[in-house]
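Chains as they are written, first to last, in the working numbering: chain A, 1 to 463; chain B, 1001 to 1463; chain C, 2001 to 2463.
Don't take each hint at face value.
[Said to hold, decoys possible] What follows is a set of in silico ranges between Cβ atoms, one per label pair, in the way DEER data are often shown:
(1) C/GLU2148 x A/ARG78: 56 to 64 angstroms
(2) C/ALA2446 x A/ARG149: 23 to 31 angstroms
(3) B/VAL1243 x C/ALA2193: 22 to 30 angstroms
FYI, nobody ran anything at the bench for these hints, they're computed from the structure.
Heads up, the beta-carbon is just placed ideally off N, CA and C, and yes, glycines get one too.
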Amino acid sequence: MLPIDPAEALPDDARALYETIRTMPIVSPHGHCDPSWWAQDTPFPDPAELLIVPDHYVFRMLYSQGVALSDLGVGVPRAERDPRAIFRLFAKHWDSFLGTPSRGWLEHTLYRTIGVETPLAEDSADAVFDEISARLAEPGFRPRRLFERLGIETLATTDAALDPLKAHDAIAASGWGGHIIPTFRPDDVLDPARPGHRDNLHRLGAMTGCDIGRYSGFLEALRQRRAAFRARGATATDHDVPVLATTWLDPQEIGALYDRALQGGLDADGARRFYGHMLVEMAQMSAEDGMVMQIHAGSRRSTNAALRASHGPDMGADIPVAMDWVGGLDALLNRVGNDPALRVVLFTLDEASYARELAPMAGHWPCLRLGPPWWFHDSPNGIRRYFDRVVETAGYRNLAGFNDDTRAVLSIPARHDMWRRCVGLHLAEQVRAGLFGRAEAERLAAWLACDAARDTYRLKGTH
Amino acid sequence: MLPIDPAEALPDDARALYETIRTMPIVSPHGHCDPSWWAQDTPFPDPAELLIVPDHYVFRMLYSQGVALSDLGVGVPRAERDPRAIFRLFAKHWDSFLGTPSRGWLEHTLYRTIGVETPLAEDSADAVFDEISARLAEPGFRPRRLFERLGIETLATTDAALDPLKAHDAIAASGWGGHIIPTFRPDDVLDPARPGHRDNLHRLGAMTGCDIGRYSGFLEALRQRRAAFRARGATATDHDVPVLATTWLDPQEIGALYDRALQGGLDADGARRFYGHMLVEMAQMSAEDGMVMQIHAGSRRSTNAALRASHGPDMGADIPVAMDWVGGLDALLNRVGNDPALRVVLFTLDEASYARELAPMAGHWPCLRLGPPWWFHDSPNGIRRYFDRVVETAGYRNLAGFNDDTRAVLSIPARHDMWRRCVGLHLAEQVRAGLFGRAEAERLAAWLACDAARDTYRLKGTH
Amino acid sequence: MLPIDPAEALPDDARALYETIRTMPIVSPHGHCDPSWWAQDTPFPDPAELLIVPDHYVFRMLYSQGVALSDLGVGVPRAERDPRAIFRLFAKHWDSFLGTPSRGWLEHTLYRTIGVETPLAEDSADAVFDEISARLAEPGFRPRRLFERLGIETLATTDAALDPLKAHDAIAASGWGGHIIPTFRPDDVLDPARPGHRDNLHRLGAMTGCDIGRYSGFLEALRQRRAAFRARGATATDHDVPVLATTWLDPQEIGALYDRALQGGLDADGARRFYGHMLVEMAQMSAEDGMVMQIHAGSRRSTNAALRASHGPDMGADIPVAMDWVGGLDALLNRVGNDPALRVVLFTLDEASYARELAPMAGHWPCLRLGPPWWFHDSPNGIRRYFDRVVETAGYRNLAGFNDDTRAVLSIPARHDMWRRCVGLHLAEQVRAGLFGRAEAERLAAWLACDAARDTYRLKGTH
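Construct the entire structure; sequences and hints are all you get.
Right, dumping it as structure tokens:
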């Protein structure tokens, strides 16, 4: 027997609220899907390649249980992987996911999105593998058809500043109507601490024709790339900031730092100051061109040095760091934070900052909205704690709605469904506590499920 | 139809406990009401002036929604304000308060304390404005009559060391029996980082006749002011400490710092050391004269520089900072913390410090009591988290009971009622979990509603 | 009437899960019981000596209520104590424990483990004292018989590196079958900041015959002591780390630091670096010899200087400090953390680190398991928050199960029972939320009650 749909476990009042939003369109303004899937519209790969090898949520847990990454195909050339063996190994450790959101997403993906009818267990691994393979070969699972069937209204990808956006252009040229838009993520050209920064500056110059030999030319090149993204539908930018420390430097200092960055000669402190200044420049450009600025801050990347050396980044060893949002955003907010044209969405991995900093900040600054629980916290308890800690001080109108933030396209419905169940639970509790009535709860449910994301990211909705 | 009274939403067991404390006297040992209201006993002003313009909880939320402060009358001379237009703008954004304690307080104030019969909404703004105005004109809403009707047993105001306390004297001279007492808040003369500190020292000298040219004279002047407050019924002092760092300096160093402070010549570090020492002096004086010392620590004030420049402090941009209570109080506690005559009440804005520091400290030091959830955390979820995190380690007898901490007199019953509902909820859950029985819960309910505040602040109760 | 057994207050589904684990054997892999109790098997002392004088949970609360430690017999020679007077004073303040886990443990100990039939209250102190005394004189309460009756499968004590383990040898030589094993706690010889460190080094040399004049001889002596502990059944080591800062030094630097430590000449920074390096050496030895490494980090010890001076350490003034687990363990994990032979169990007092650091780390590093809630957090709410914050990211297989961590042998059943009730509550909620079914919940209940502790600490179970 398959596990029950967790929606059936909702209390009646929560279930009723959830049902009002269950089938609303999926608005996905932040995520990491590969746009070439829809440009090419070729079938998805085998189950291991689709569900395990690229999912750091999955393989980090298996690694913690003593499974070698190479046995999972991670860091192994595709031709040398044995997808069925990988899937068996995963199934053997299925119990270790009990209680995790990964388990919930995978169950939803397998049993509801793909339609597998055999419960996953160590001894059913092969059968499940075959069922998945059979379904993925069906025309309804081709990327474009799937996009439509899942009711995705808008899907934003995340793209480097130097990305020529050819896949997005191909989608547009194909005449297919799916609304897939890029997001401008310029850290590779902004942050001198990133590998290849100096080369990236030169590539940026070549791509835009701007004179990146001078700081003003660099800014102009950034404006050009922002415009190129906007021309392809982008409404937002994104920054992945390990340690948040915005700063505003006088023209001489930033010019001199830029000159040194061009030589590849900045030390760690200089790199931090340069990047801290560039975040403020980006906020100013956002106030000019209306692109919503997203800040994902506070992940200590690649803390397992041996794994980083052998396998590169994103191997499950990124661990959150305690945050000081007020100090970190001080320069940005005090330069441009009162500008009514600016919108900034903040994402934290330090829940201690929800009630202490983020909610009070969002409840004051007109530019700020709070992103939904991010990464480890995108989970039933994480979402409950988020509502518990932010709503009383920030209200609902300063929340950004939901982002699935996933690179696993098949998990998109699972993630939105989990959020919508949690919204139902939360709002039902508020009604039960006498904070507001059923009518207000329904309005807020729609806001949290769709409208907040549309409004925050300045998307046009279908309604 | 008016929103339901949240008390009706309580589960039966919580409701029963709440009913045992619902109508107990209001003991308000810490707040910011203006004593001149009761000295003069003139009617309260119009609804906008009463409920919106002075309430930073309200206007910060509207500011976060893009409303200009000037449109709310904030920073606008009273004669130039349009109270009805302000009230309409507030009503238009009434939805943005859903889920916040401000909404709960305002609903209680409007529908239960004032007796408005029309539900507030954008299209009822004028009607509600008129209803409020009509009620406020009634004799029962004059400050003294209202004080009696609300069942206020004691109300403490907060008063600068240099305040001549004329309003308190006028109340006493009037023969009216309301128990309104001052609280000694000497930061303006203790903290060299405050504007006008040097002038304040000279005013202190003039006021007391002490020779403030020497440090010993300064201490003597402080003792005199404490005595003057005590003579008017004060039982407590209060400190608003941005960064807590108590320290005990040798006589030479503190003398030298004082001399420089008198010249206005202390740098930031010197000012911090001076203030850190003065907090210990205050604790020593409290151990001598029995005044309960309150420390409200960890609010980063006025983080929006443009607003501070245009409108001054208290504009809704005060954001909490992470706290180290152990390090910050080390010098104070290790100098005077074992003295049985000392009582210190601690208030935090960093909930991470509840279970990690404050509860263990209160469960050890005889002088310490934990203040109730403060500011952003004075809310149903904030109160629930407070009980959840502090009681297991500190017990109930190390808690200070409730403070409304408000400058909005009409919200006093709303705030005590919210606390009492949360006390009922909390204690009912404890009984349900089998931790203790109904009899113990009733004793603790009375302790938390009234007795703890009376006992902590050394007030005489009516019972 | 006695208070109800809190198990009777469990909801039906939680109760049913709890009943599946209620009577399982007690596995106690970390605690502070005195092994000489079982070596000598003499009756336990009087009630005050047994329950109050040595329990810092109890006397810290009474101290916070203004009770003098000397009136509780703390720091008073045993011959000068009046046990009955101490017990009366404790009973007088029994109310101050309402809501604390100490109250729950004491109630379980009194009414269920000892079998007292009179409810404790101020006016029943003498009667309860007499009942306890009578029961303790029964043969069934002699340490060995009690150990068997309580169903203790394994009990680990905590023993200094220099402890000759004579009590353990005496237990083994007695032929009695109770499984009591030592735990290797070498901080006294590893941490130069500890009193007597230099003397301890010389004692270590004398004890092992190693040449501790050189660093290599010191390491060899440590290996010998580890082997001596293993020969007596030890499977684990333990470290009490105030500020966690592991580091790996080159041979020259550690050699030079060691030489200075031998002279007693290390300053605070040198001591910290030396100890930080030794923790990594210990991890390496654990990877070699298979002893599980426990790290209890983040307690600021003896923050009340006057009490420390008059009474010594462990007087209830140890207060947690905010933790940076990632930075603190960086050197250790990046040297040996990927070694499949290593196991490290982490214990925190900073709950903010549960979801932010510890769960992500345990969900990645193969060597890490998370210890159960420690000290102040070993309580119903503390356990609930632990499951709430760690399971979603770490799963259940990265948890270490339960430790009672007590020196109060009679409280062992109370502590395991509290954990098992909380396990029942937690898993019932997971089932109710639709996360998994009853069968999985029963498996996880057994894991959390016994199997995880056996597995984590490499103990052989009875099943």
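Do the hints match the structure? See the list:
1. C/GLU2148 x A/ARG78: 56 to 64 angstroms: holds, 60 angstroms
2. C/ALA2446 x A/ARG149: 23 to 31 angstroms: violated, 42 angstroms
3. B/VAL1243 x C/ALA2193: 22 to 30 angstroms: Check passed, 28 angstroms falls within 22 to 30 angstroms.
Checked against the numbered hints above, the structure breaks only hint 2 and satisfies the rest.
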